[in-house]
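Q: Model the full structure from these sequences, guided by the hints.
There are 2 protein chains.
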Amino acid sequence: MDTRISLLDSAERAVRQRGFDGFSYADLSKEIGIRKASIHYHFATKADLGFALIERYAQRFFATLADIRNSDGSAAEQLRSYIQIYRDALAEGEQVCLCVALSAGRDSLSTEVLDQLNRFHAESIAWLTEVFERAAQDGSVSGCALPIEDATAALALVEGAQLLARARTDVSLFDQALAALIARLAKHAVH
Amino acid sequence: MDTRISLLDSAERAVRQRGFDGFSYADLSKEIGIRKASIHYHFATKADLGFALIERYAQRFFATLADIRNSDGSAAEQLRSYIQIYRDALAEGEQVCLCVALSAGRDSLSTEVLDQLNRFHAESIAWLTEVFERAAQDGSVSGCALPIEDATAALALVEGAQLLARARTDVSLFDQALAALIARLAKHAVH
DNA sequence: TTTCAACTACCTACTACTAGGTAGGTACTC
DNA sequence: GAGTACCTACCTAGTAGTAGGTAGTTGAAA
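For the record, the sequence lines run as chains A and B.
Once you know that position 111 of the first sequence is 111 in my numbering, the rest is easy, because the numbers rise by one and skip nothing.
Each position in the second sequence, counted from 1, maps to that position plus 1000 in my numbering.
These are calculated hints, taken from the structure and not from any lab test.
The structure displayed is predicted, hence computed values, not measured ones.
For every residue, glycine included, the Cβ atom is placed at its ideal position computed from N, Cα and C.
Warning: the hint list may mix true and false statements.
What the hints assert, rightly or not - Simulated restraints on C-beta separations:
no.	chain 1	residue 1	chain 2	residue 2	range
1	A	Cys144	B	Glu1094	29 to 39 Å
2	B	Cys1144	A	Gly33	29 to 39 Å
3	A	Phe62	B	Asp1002	46 to 56 Å
4	B	Ala1145	A	Arg56	32 to 42 Å
5	A	Asp48	B	Lys1187	47 to 57 Å
6	A	Glu94	B	Glu1031	46 to 56 Å
7	B	Asp1027	A	Arg60	34 to 44 Å
8	B	Ala1044	A	Ala26	22 to 32 Å
9	A	Arg56	B	Asp1115	49 to 59 Å
10	B	Gly1033	A	Arg60	19 to 29 Å
11	A	Ala37	B	Gly1033	49 to 59 Å
What the hints assert, rightly or not - Take a look, some chain A residues computed to stay more than 10 Å from chain B by CB distance:
no.	residue
12	Glu12
13	Gln17
14	Arg18
A: Structure (structure tokens):
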């Protein structure tokens, strides 16, 4: 099972750096040190690998979001944590988060992977909507509009900012794009 | 020269739908009706085609931005026009703008194309920064922070929103992501 | 306690196909 | 006759995927 995890790790890094079309079983083979054909033992098709990839990713991601929600920080603090996830994912501006990488090349994806991708977006917006609803109550985020609109905007913003930052391999572009949103967040906990 | 333009048109559509890795000379050949080898007469390498593509695109795009600036509308009106460009580019949610498509698969691009891409982003941010500076004077956009931060955020927002909308093939997701920004724009001209 | 079948995790050696790109030729126009 | 805009025929390298085989492990029946 160790090989399977190594394959997933290697493939995830590859997708996030170069897109789903940007790596091959041959690439994985070299990196992991098993023959190309043996990869098919673990993932019969590349589509299967893609599905396993986004499934694992979504599981991790939403577990983290659940932790943030349960942290009972203010909406502003939770948003800051959310933004930090995307910032960390950039890894010196070389990678984007898996869903950004997959969104980008959506035509080469199987419908199963595409479904997972849309579920990912929908759940992200749902989570963010809750945060912005909370913000309307605790007042820790200024300049709010409709929660679902703020939520969708926030998702588009972090994903777009990742794209910009990776194109220039420069995380500071991400920070520049997020600065205005971060400025709207209250500095300290509000009770 | 007609074939050359047809090739550029076809390639642009392909890139914006499927990314730079998502189409081949064989695809273009079928669509245009000349043999694959003949495409090499017009564009010796795929990298050359990519360069021609982004060059033409940038020329068109910045000509449009210049027109908007010269229209002497308020900052809000100019921003609305800017957003509309990206919305129109979506084409029923099937395409993203060329720079989003190229940003997404940046590892398969030549350095020349990558340079053009970064120039594109830099000039977009410069243009938007001017608009937000103007907004600070004419007051037609509410809730502004630093112009360069608002500008970078706006670029990230429209690009991210395109990504979301195309993943679901649904333009309304773009509208949902942009709604909060649009709500900040004054409804009528401010003088 | 040995034996044996099934299973896991790999292997070599392929297939069928697609990619971008090239060599060399042809018809037509200026 | 030079240049343009194509053609056929081909090449090399790479793609995902398959066929069939092999060590090593496990678990249960003889």
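Q: Hint by hint, work out which the structure violates, then give me just those numbers in ascending order.
A: 2, 6, 9, 10, 11, 13, 14
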